[in-house]
Amino acid sequence: MSAKLLHKEKWSEFTGRLSGKNLWAPAVQGEVKKFVPVAEGETVSLEGGNTTVPPKALIFPQTETLYRFSRGEEEPEPPAIDEEMVLLGVRPCDARAMALVEKLFRWDFDDPYYLKRRELTTLIGLACNEPEINCFCPSVGGSPASTEGLDILMTDLGESYLLEVLTDKGKAIAGAVEDLLEEAPAEALKQKEKLAEEALAGIKWSVDPEGIPEALPQLWEDPLWERVSAPCLGCGICTYLCPTCYCFDIQDEVEGSAGRRCRSWDSCMFAEYTVHTSGHNPRPSRRERTRNRINHKYSYFVDKFGEIACVGCGRCSSLCPVNIDLIDILRQVKAAQ
Amino acid sequence: MKNYENPYIPHTATIEDTWYETAGDRCIKTFKVVLDDPAVRESWSHRPGQCAMIGLLGVGESMISISSSPTEKGYLRFSVLQAGKVTSALHQLEAGDKITVRGPYGNSFPVDDWKGKEILTVGGGIGQAPLRPIVEYVKANLSDYAGLTTIYGARTSEDLCFKGEFGEMEKIDGVCCHLSVDIEEEGWPHYVGFVPSLLMEVNPSPENTIAITCGPPIMIRFVLENLKKLNFADEQIYTTLENRMKCGIGKCGRCNAGSLYVCKDGPVFSYAALKDVPEAFA
Amino acid sequence: MDLDKLRKTAAEIVSRDDVKYLIGWRRGTFGYRVSPHFVRDAAGADELIFSPLCISNLANYLTLVEKLPVPRGQEPDTRKVALMVKGCDSRAVAQLLAEKGIKREEVVVVGLPCPGMIDRKLLAEKYPETEQAAEIRWRGEDFVLVDGEEETVIPRAEVLAEKCRLCRHPNPVLSDVTVGEPVEPWAAAEDSGVAEIMAKNAEERWAYWEEQFSKCIRCYSCKNACPLCYCEDCILDRLDPIWVNRSVNFSENTAFHLARAFHLAGRCIECGECERVCPAGIPLGKLNRMLAQTVREEYEFEPGLDPEAEPFQASYKPDDPEEFIL
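Protein chains in written order, with my numbering: chain A, 1 to 337; chain B, 1 to 282; chain C, 1 to 326.
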């Protein structure tokens, strides 16, 4: 690992150079902040909080073609996934989420679409110096300066960015802009440590997950599920915009004699997600569906992969139109124990 | 960059023969299919209880239990209940038509662990489809097992699957067959009543026996109750689960019962493993 | 707002044998958030609030609640649901009654005359949200943000929600109990948003909506928050045939939004929930108001005012305009 310094006067040249490498960075479009392609020479601003749409959307697109087929042709044709991509300004929580989701996409069967895209993507992270209201990453094993899943972690030091190069992919990026970087002095690393500590201290919410994975199955019939799900609209906001949610549907779309089989994000909060062909639904109401969402993240995933499938980004709480707040639910779980 | 194998791309197979098991709105049609690619056909190996995603490009896929036993070589059998979009499209097909197949998926009946035991299957309706491979497997390897008893019922005799196979079975030494229909009908020589009651009539001994049940949820519930009454231990009882599925390989998320994915951790579960899984019988 | 009176009234209602629960609002968990509050006993009534942040329409819960099969040996629960409604919300109830989506004896309507609500996003732009749940009250024409001893007056014009600027019915159109005095309706502003779109030619309009619908992530929050989107067998959930594919692109998104808009023509009561809950910032309120305005002007019909009225889409008059028939 090496540490470099990038002076901000060189920022536009830095991003300009990277823009030739299929660079994506956060931008505000209307009310929504999301990763958008950076055109050559375009400037990038990393001001403000995290994106509304997590960068998972680039590795695991909302809709993607699994393969195309046409009548008479024997072999279905999967699309080529071969384009490298650089994401700039990924928050540590979202990078951790990718590392978590990768466990699922590697479980027994490798998912070629996800894994290929993930392999072709370089993640340049940005440490959160100013956490947002609903951030709680330290409660679930993250931190505002976590490096997990990242290839480079940048920290805004005011006049300059500190770039900690973490992987070979990171090295390749740093190498391509070597002339813009200088060795980071020891003070820069100290300053980064201080900023990271301050950021950690600035996080408002916390919940100790100790005991939650074990408690959840015991609370199956607890009235808390009725209570927390009563206001739920049953929409897909909390799951679609969650960086660790990965459920999908597969549908065929046909036009004329050709078609495609594609997968699209799905949500366990939708009624038809589990409905059997017979009409029977093992999760007939929002109560069971909410219970599944929380159990999946805080118990089932732990059972399977040893980690909580939540990175504490706070999106579900911030974006829920009826203020269903994950921290509030977790506290109720703890209280009901 | 690594080149991953693509588990979503199915094999093509040709329907060699097809026939109706039952008639009516929700009829059951059996497809005997042969995988087209000789290399795939050669390397294909499944165990009793496993499933496969079968489908049609442009329509979709459905997880169907492989109703042939690995001892039946060279082809695969699927018995499909006409219910939704994919299964209705499959029902339109005849011999010579193509379908897609990927799999085999899921776990299987632990037939090796059961060697030396008496095998009891208790099925209802289409639930006999996942039981058929175990019946066929035990039949073909009867010397490894203490015996085979099959209890199978449906609403009417018209609704029974694999009707032609039971008569032959009865003739085999060490194999018992008990059939039932829910409603009295003319000329029916066997039991009239529900499968759980027939189970009590047959009154199997739990000693050195494994009971496997599959059928409509309500039947399974009462069969489990009755097996307990007959002093079967939880570890001696097996069932298969089904839930809505899309990928079949543990990714798409929807088929879980508690932390178990039916597509990968199932479909075969012992009652001991299932009884504390909250959504198992939801 | 006399909160004591509100809570006392609610406590009395939920104590009745024939009432299952009451739906109102409570303070949220942070910032300017407010959450729907399901009051199941008298004690729960203490958390009820009615403030300028109670913008959400709770009438959707009347139809959102799943009708689960009654377990064998149990009687179905036929108790009433009590619901707090502002003027706009009450129109949803009236429209549901007119469509026979609900029955009058199933609900207890608690009417709350409404002086106007705050658009949380406008508020947060000027007065950033914090982790504390804020308290906001009405004062005269304006709003006041209360933080202990400190009070900040927020001018009405700065943060009043768009639907409230356009409001023609601030007082509930029906109720069983009313808490608070009727408010004097204010002069509804001209719908500049709709006017702006109407001024565009067909091509420009298409371009505008193409840009908007392209943003949709198909989370269906608009559909689920809408009190009048309650079909048990929704065309959008149909799998065979599939009318709208799950894949997210302009074409499918447009099919979804236009199907919804047309199904709401003459039924939308302009509560603005679709637009409020949209995480993508699609101006769905504008879309539905365009149709509402056409229905109002061309057919002289306004839904959700009379629970006995014949539903617009089920009525025909020989002199109905038919310019749209080519």
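Calculated directly from the structure, the hints in this document are not laboratory data. Owing to the predicted nature of the structure, the values given are computational and were not obtained by experimental measurement. Check the hints yourself; a few may be wrong.
[Unchecked claim] The following residues of chain B were derived to be distant from chain A, with all beta-carbon distances above 10 Å:
| no. | residue |
| --- | --- |
| 1 | Val34 |
| 2 | Thr71 |
| 3 | Ala95 |
| 4 | Val192 |
| 5 | Gly258 |
[Stated by the list, open to error] Cβ-Cβ distance ranges computed for the label pairs, FRET-style:
| no. | chain 1 | residue 1 | chain 2 | residue 2 | range |
| --- | --- | --- | --- | --- | --- |
| 6 | C | Val177 | B | Gly24 | 49 to 57 Å |
| 7 | B | Gly147 | A | Glu75 | 28 to 36 Å |
| 8 | A | Gly158 | C | Ala202 | 46 to 54 Å |
| 9 | B | Ile183 | C | Asp306 | 49 to 57 Å |
| 10 | B | Arg221 | C | Arg40 | 28 to 36 Å |
Just so it is clear, CB atoms sit at the ideal spot from N, CA and C, and this is done for glycine as well.
How the hints compare with the structure:
{"no.": "1", "hint": "Val34", "result": "15 Å, holds"}
{"no.": "2", "hint": "Thr71", "result": "26 Å, holds"}
{"no.": "3", "hint": "Ala95", "result": "19 Å, holds"}
{"no.": "4", "hint": "Val192", "result": "26 Å, holds"}
{"no.": "5", "hint": "Gly258", "result": "7 Å, violated"}
{"no.": "6", "hint": "Val177/C to Gly24/B: 49 to 57 Å", "result": "55 Å, holds"}
{"no.": "7", "hint": "Gly147/B to Glu75/A: 28 to 36 Å", "result": "47 Å, violated"}
{"no.": "8", "hint": "Gly158/A to Ala202/C: 46 to 54 Å", "result": "52 Å, holds"}
{"no.": "9", "hint": "Ile183/B to Asp306/C: 49 to 57 Å", "result": "53 Å, holds"}
{"no.": "10", "hint": "Arg221/B to Arg40/C: 28 to 36 Å", "result": "32 Å, holds"}
The earlier numbered hints that this structure contradicts are 5 and 7.
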